[in-house]
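Number of protein chains: 2
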Amino acid sequence: MTKQIKLYYKNATCEVVGDEHGVSMEALSQLRPRISEITSRLAHQRFEGKLPYRDLPYQEENCDKIMDFTSRFAGRYDNLVVLGIGGSALGNIALQTALNNPTYNLQPTRPGPRLFVMDNVDPVQLGGLLVILEGELENTLFNVISKSGQTAETAAQFLIVRAMLKARLPQANLADHIIATTDPQSGTLRQIVEREGLTALEVPPGVGGRFSVLSDVGLFSAAMCGINIVELLEGAADMDQRVKDDELMRNPAALYAAIQWLFYQKGKNLSVMMPYSYQLKDLCDWYRQLWAESLGKAQNLKGEQVNVGPTPIKALGATDQHSQVQLYREGPNDKVITFLEVESFGRDVTIGAAGDVEELAYLSGQTMSKLLNSEKVGTEYALVQSQRPCLTVRFPEISAYTVGQFIYLFEVATSYMGELLGINTYDQPAVELGKQATFALMGREGYQEMLREIQGATRIDDDFLV
Amino acid sequence: MTKQIKLYYKNATCEVVGDEHGVSMEALSQLRPRISEITSRLAHQRFEGKLPYRDLPYQEENCDKIMDFTSRFAGRYDNLVVLGIGGSALGNIALQTALNNPTYNLQPTRPGPRLFVMDNVDPVQLGGLLVILEGELENTLFNVISKSGQTAETAAQFLIVRAMLKARLPQANLADHIIATTDPQSGTLRQIVEREGLTALEVPPGVGGRFSVLSDVGLFSAAMCGINIVELLEGAADMDQRVKDDELMRNPAALYAAIQWLFYQKGKNLSVMMPYSYQLKDLCDWYRQLWAESLGKAQNLKGEQVNVGPTPIKALGATDQHSQVQLYREGPNDKVITFLEVESFGRDVTIGAAGDVEELAYLSGQTMSKLLNSEKVGTEYALVQSQRPCLTVRFPEISAYTVGQFIYLFEVATSYMGELLGINTYDQPAVELGKQATFALMGREGYQEMLREIQGATRIDDDFLV
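Chains A and B, in that order, give the protein sequences. The number in the numbering used here is simply the position in the first sequence, starting from 1, with 5 added. The number in the numbering used here is simply the position in the second sequence, starting from 1, with 5 added.
Simulated from the structure, these hints should not be mistaken for laboratory data.
Calculated cross-link-like contacts (lysine-lysine; reagent style DSS-like; alpha-carbon spacing at most 30 Å): (1) Lys11(B) <-> Lys249(B); (2) Lys319(B) <-> Lys440(A); (3) Lys271(B) <-> Lys307(A); (4) Lys273(B) <-> Lys440(A); (5) Lys319(A) <-> Lys440(B); (6) Lys70(A) <-> Lys55(A); (7) Lys55(A) <-> Lys11(A); (8) Lys70(B) <-> Lys249(B); (9) Lys271(A) <-> Lys273(B); (10) Lys440(A) <-> Lys11(B); (11) Lys249(A) <-> Lys319(A); (12) Lys319(B) <-> Lys319(A); (13) Lys8(B) <-> Lys249(B); (14) Lys375(B) <-> Lys171(A); (15) Lys271(A) <-> Lys249(A); (16) Lys307(B) <-> Lys273(A); (17) Lys271(B) <-> Lys319(A); (18) Lys273(A) <-> Lys273(B); (19) Lys319(A) <-> Lys273(B); (20) Lys271(A) <-> Lys271(B); (21) Lys307(B) <-> Lys271(A); (22) Lys273(A) <-> Lys319(B); (23) Lys271(B) <-> Lys273(A); (24) Lys11(A) <-> Lys249(A); (25) Lys375(A) <-> Lys171(B); (26) Lys249(A) <-> Lys55(A); (27) Lys70(A) <-> Lys171(A); (28) Lys273(B) <-> Lys307(A); (29) Lys11(A) <-> Lys440(B); (30) Lys375(B) <-> Lys440(A).
Estimated spans, in silico, between C-beta atoms of each pair: (31) Ala366(B) <-> Ser29(A): 55 to 65 Å; (32) Thr7(A) <-> Thr355(B): 45 to 55 Å; (33) Gly272(B) <-> Val136(A): 40 to 50 Å; (34) Glu458(A) <-> Thr355(B): 27 to 37 Å; (35) Lys249(A) <-> Ala462(B): 28 to 38 Å; (36) Ala462(B) <-> Thr355(A): 22 to 32 Å; (37) Gly80(B) <-> Ser391(A): 44 to 54 Å; (38) Arg37(B) <-> Pro38(A): 53 to 63 Å; (39) Lys307(B) <-> Gly448(A): 53 to 63 Å; (40) Glu141(B) <-> Gly448(A): 49 to 59 Å.
Quick caveat, the model's predicted, so the values are computed rather than measured. Even for Gly, the Cβ is constructed at its ideal location relative to N, Cα and C.
The following block holds chain A by itself, in its conformation from the complex (with noise of 0.2 Å):
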């Protein structure tokens, strides 16, 4: 349980890549006062109970609480179904391909049901996914995650799902085959859970989806997938212990932002996330939403605005060695890459005999970990070589405890980077636009003067149609 991830910044030092493309340690030097400041304004804003997000790692009650309504399905669902999208998706599908097994749905036994993640609204993705499930409803449990019940993809989805159990078991009791995670209080999806008796568990008040997985909305399908959600809460205690350092070099969630911060100051405004590991490849795309839904804001600078934010990028070792990186190495020199790599797997696999081929014969009897973590070291080699800049994350291994505090490090890094950027890191107002547009689009009552101005202005003009 002692097992903790580590930062190392070496590679992206001026030492290493040179002063153009590095970070210097006098900038970082001069940046402790500033971030100093910062951990205290943190700090002080979870003291007022204006991050709420802080606090999951300490939820001991509520895990109990997930643990017996775990108990309560456990055993008598072949499926478990989420609908949700965004916030409500993301950290469910990082947490199960992090930590089950990639064949997991697929397996003849497992610890838990199989889990869906139903994250978008394509006819043919979700018709292809109902017709699978269709036949096993009675052994199939819907989890609908939505904080307000008004987003239109969930909402459709939960419109679809209960219409399918109504007309194909008559009989059988909704709150049977479907459950909610939504606001405690208000709400659509909160009205429904009251009217038709749904178990429901919480999104916490205050609790952004982006920072949401740690709460309910991530616990509860990753306990019922048989992964250990206290471990996973230790992690992230484990990991608020080394954030809230005041020091800016001992502090690895204000030394990464801090890193970032300088880089982004130079024009490198690319921020790659580089695992090298399929069971860390989802936490990427779970970054990629906290990282960009955070930072990408509009900046008022005494009046006047500034649109500011890195571009977060995933990739994957080994695999885009041979799709990306020569862009990386070769392209502008505007990415910051952070990789993560893991030292010991859990599992390992040998590579056989190359016989009389004799130019294979340096690959017999190795194993894959050695090759795909010298894929990674060679990989970091080349780029530094051509003065581009390395992060990397290192796991000790891949578990519930370092998987916890991986998740807890960035969310607090974000925290970070959004000040140091002077935005505000927890809101999402130019999301609102394209969902009213939706809206409108759809038919919604009290729309019909949006909807004259976007179909007037989304009218195809063949003039441009090539």
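For chain A, the structure is supplied; the task is to place chain B on it using the hints.
For chain B alone, kept in the frame of chain A given last:
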């Protein structure tokens, strides 16, 4: 068969997103002579046999050969496993996701074997899959794809699979379980083919991995899984007629490249591709390799090196509206977004009754496809309101014929873009060092000196570990 994909570019013009952030018709017009010259140059290169990928749509005989192979193998195998990485994998994955059901591998009946593409060397991912396959080896066919056979990842996978087959099926003929797709003349894998008597398909000489999907590399697994490869090539041939056009405004490949190039000149260095279709998502991953590895290059300008290349980014609608669109709309205006839109999905799902949930009444009885396409129009509308330039590739439907068009369109657009940037589109010099470094780290003969250097340069320095 006459359904054509179209490029819509009005929302990328100054008329819609303003002079600062749009492309002007004048600038496009000024590019006409230069584009015309490039069109001639590409035609000349093709005539000289220097662009063999351009002729891949016309290979009737080869198609017959593949169909012969397919009928020889069809029905004999429950699993087809591609061992390959980068260009040897991405096209296979893209065709499968685009043209077969998303639940293909889960279905009790399907037009061919289950398809697995192993495009990484992760011990947990690969180990997990091997456990599944171990009991089904008799019904499993592996297709090793590598031009040289020296790609470390694919070579390692091959050695693992060969050893497993020899151990588990000692009586079996290796040639019944492994086929190879490789250089027709030379290389390590070609030697193995000869020695082991394996059936071999060809990586056509002069066609780089990222331009090879319409060769045996992509066609065999597609045909095995029931995809109509004749229509796929006919679609590509249809597009070939369109992208030979000398007139910029009638040539979608030239126009796409010209617009991207003009944006790149304006500092918009991020090129997002965002399909509103699950089926098209892996074509974006394919495009991401094509664009990054072809265009991320050191440009030689009068003896001085300039690092160029837009960074391709994949996103997925509607999902990423809840993840990336905040950044795209309110962050730096440094992106061009290419939507992929589908007019008619092959399947639909009707949204159930809202009953007494008034706020959701607008969804009742509508379809998923209308919702998904409304989300696209709504998001584009919102982006354009914030002066973010958008392009759309419109698919009348997703079929082998339209997917063939798409692939060929983007391959040729890449050739145009490379000419506009003044770089060599077809090489990838910057990936070499990382490959060598991996050889060294794995202890390959002849790399001892490099190994010492890398070990010195990459030793972990605890002073930079937090």
